[in-house]
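One line per chain: the protein sequences are A and B, in this order. First residue of the first sequence: 0, per numbering that gives the first Met the number 0; consecutive thereafter. First residue of the second sequence: 0, per numbering that gives the first Met the number 0; consecutive thereafter.
Bear in mind the hints are in silico, worked out from the structure with no lab data behind them. Ideal placement from N, C-alpha and C gives every residue a C-beta, glycine not left out. Please note: incorrect hints may appear among the correct ones.
To be verified - Facing chain A, according to a computed beta carbon distance under 8 Å, are these residues of chain B, among others:
hint, residue
1, F75
2, A88
3, E95
4, T99
5, I113
6, D117
7, Q160
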Amino acid sequence: MGRILIVEDESHLAEGLRFNLEAEGHEVKVVETGEQAIEEVRRDGFHLMLLDVMLPGIDGFRAAAQLRSEGRFLPILMLTARGRPEDVLQGFEAGADDYLPKPFELKILLARVRSLLRRSQWQQARPPAAGPPAGSRFEFAGKTIDFDRLEITAGGKTMRLTTMEANLLRYLVAREGKVVSRKMILDDVWDVHEDTDTRAIDNFIARLRKYVEDEPSQPKHLQTVRGTGYRFVANPK
Amino acid sequence: MVLSGYPRSTLLIVAAGVVVVLAAVAMNVTWLVLHWRTGLLVILGLIFTALIISGVVLNTLFLAREIRRNEHQNAFLNAVTHELKTPLASIRLYLETLQTRTVDEARRREFQDIMIADCDRLLHTIDQVLRAGQGSAARPRLKGVRVNLPEMVADCLKLAQTRHHLPEGALVFANRLPEDAARTVLGDADELRSAIGNLIDNAIKYSQPRVEVYVEVDAVEDDDLVVRVKDRGIGIPKAELKRIFKRFYRIQEAVTRFKGMGLGLFIVNSVARRHGGRVYAESEGRGQGSTFTLLLPAAPPR
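If we strip away everything but chain B, and leave its shape as in the complex, we get (with noise of 0.2 Å):
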């Protein structure tokens, strides 16, 4: 044997030199070993918390959510409970002061013309409610009529001057179409005027009391044609421009400030769908106006 050369000393040395090796080895095993087994506990607990974590994150997004839109409904409850009670008091109280008191002629004509606005309102929000309740599922509707597009857009600002008592030049209206353009969609013309009308009611509401809207009807390429309707009212948050179109949602601003429901932008957006078209909103920002565009396709030429 080699080592058999080597005095016993030396032997001794090597042999405990070998041993505190093979102890470190064996230490160093041990104790990678072991701590791989606590490194894996430790993933494994990371895991678990991370697990726990996120669930009790997502658990308070949802719970979040859900209390929101609790409010939101809420509010929309207060909000129809106002406007179908509103002009059915009014309408109560002038009847029965027409009942009870002795009115003069001019009197009586003035508020027989209150009471007619109020029907209109009542059966404005009840036609709100009823066409929010329809949904927004895209389905396109290639059936309906022909609608001409900036006649139907004309008609509407024409109304809503008459019932926001609007002053001449308050709603400015633009047909940019060329001559040899498609004027006419295919739809539903009670669903269309609908959706124009809520776009304009917004940008005369939202301007209170310094009502500037401008309409306009153009066509772009591939055959859309466009109502575009921009006022200089409270604008919109860059952050709230895509939410505005859901259903109850109101910025927060506007909610102390202006009545609704919540409801007329969701259902632009569901006729716009319906319709094969789309709207979308621009603003930039808080005090700076809105800017909202209607697309719809062109009806096909017959």
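In isolation and in its complexed conformation, chain A is listed as follows (with noise of 0.2 Å):
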């Protein structure tokens, strides 16, 4: 059973919804706006997001783009009163894995739900593309990370780091001092498989920097490679 954040403004439906939901087994927590939902997404992991569109401040369709340029690849399913072709067609472009217009039948939102579970429990129950190295912590340079506690200590500050940032580290680390390509993370680490724009890579990495770089500015330990991807060095010279 999974966790599911339900990010709905009208209290009436998500009271509703959590009724059902939990009824299901599932574990279930309720926000009402855009920036709610994207700070939870990003403080903790849920297995599902039921996203509304019109909400105050930053709306449905912005939020998922956000959550999507930030490489959260959780599945959304927007649910909407905005059942127009146009506006199923910007939801999935901001990144909905599905769509269902409101009024909806509850047995059809159950079944989806069920259904996106599924698809993400064989994509985690998948052997990790990229195995830890030796152990599962690794030392350079002073710094340690663990990849079990997910968790970086530098200079004695211990980060903790998402669930994404440690397998794109491991990923990273694993292949160290070799170039890996950003077609080659996106396919290996988020398991996507489309011409996906790239830019999320880059943020990421950018963030990893703050982690296990003295100087974020100035990588050394990840460093880019022009026109291809990143590299991981342990010791540089």
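Mind docking these for me? Both chains are given alone in their own frames, and the hints should help you get the complex.
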């Protein structure tokens, strides 16, 4: 059963959905704005997000696009009163995995939730494309990455990594000294095989640099290889 | 001849001078004539250019207005769609829930209350759209029933308090009518209730989450009754104080933060005008709260 985030400012709908999803055995959290949704997803791994479009502040389209650009690929089911074809298209373009116009049939909604959760579970069940380097800890240049605990310690400070950050870091560390292309990263770490925008990866690298570099603007460990991709170097000369 | 006494050379020089002056005058005149013509052409050209430019400017202005109107209508359609479909979706969701799951008695009652509230919301939306469709024609309606204004305002406040689940004291009512003053207006009770309700609903909506609304009924000279609704909400920029009464018009900042169809104040204004009254807004600007004043002529004594 999954952890589901409901983003809906209409409390009646949100509570009705919560009741039903909890009855199905899911763990549910409800937030009311796009900002809170982005915040929640950044902080915590959810297995699925039910996202309304007409929200106060950042709307559902923009919230989805923002999350995708940060490389967060949790399944998003958009739930909205706007059912015109151009709205549906805009939803998918923003990064939704599925789109259900209101009013919806409860059974259909639950079936789609099940299907999205099943798909993401299959993907998680696949053996990780990049196995951890020997042991789940990796030390370099006075810094320690603990892949099990999702932590990195540098200069006496311990910082938490998200799952995706840790996965990307593990992938790069496992290929220490070798150039890795953005396409490879998308294929192997994110398991995305389309020609998706690779800027998400650049954003991720920028974040990782804050953890592993002393001087993030002048990276020594996480080097950019122009026109190709990135290279991790544990002990740069 | 007088000239004949002058030496030939002098005559020649004078003649030459005269010729030169005549030539200069002729050239000057020609120049003037030519340039007058050019000037005319220039002036004509300027007029045409001005016409073309003003045409283009007008066209752009109309186009911009049309686009803006289109945008407003688009936003309105989206808002109406949302306002109609959301409660429907909710009612359907709860009905299906009751149909497919075993729900204990307390929950069942809670769900029924929610569905009733959603029905009311649907009804309210339909009412608003229909009322706005009646237009803003300023035909004073003298027929109708006598409506006790302070009582109606108190009723509207009570209704708003329950509908918005507000704590005691969030809405304050003051009846400042002198003992002997008229307190009734002549008109359509439903319309008046809708106008007052819209003012109160707006005051609450644009003050969330901290609602402090003060409503008073008062009398002013020339026998007008006044309903004043004061809030400490988001306020209204000076430039928008009049525009907010237009149909579909919504303040840009409010659009992203608050849902609405852009009909409420239009309805208030239409109702006020149909009753021979008027409504206006005051605000010190952004974040300074707003005051809406609804003026209605008092009913003549029986």
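Do the hints match the structure? See the list:
1. With 8 Å as the threshold, the beta carbon of F75/B stays out of range of chain A, its nearest partner Cβ sitting at about 13 Å, so the hint is violated.
2. Of the supplied interface hints, the one on A88/B holds, with its beta-carbon coming within about 4 Å of a beta-carbon of chain A, less than 8 Å.
3. A hinted interface residue such as E95/B counts as satisfied when its beta carbon comes closer than 8 Å to some beta carbon of chain A; here the least separation is about 4 Å, so the hint holds.
4. Taking 8 Å as the C-beta cut-off, the interface hint given for T99/B holds, the closest approach to chain A being about 7 Å.
5. Hint on I113/B holds. Least Cβ distance to chain A is approximately 5 Å, under the 8 Å limit.
6. A least Cβ separation of about 6 Å between D117/B and chain A falls short of the 8 Å threshold, and the interface hint therefore holds.
7. At its closest, the beta carbon of Q160/B sits 18 Å from a beta carbon of chain A; the interface hint therefore is violated under the 8 Å criterion.
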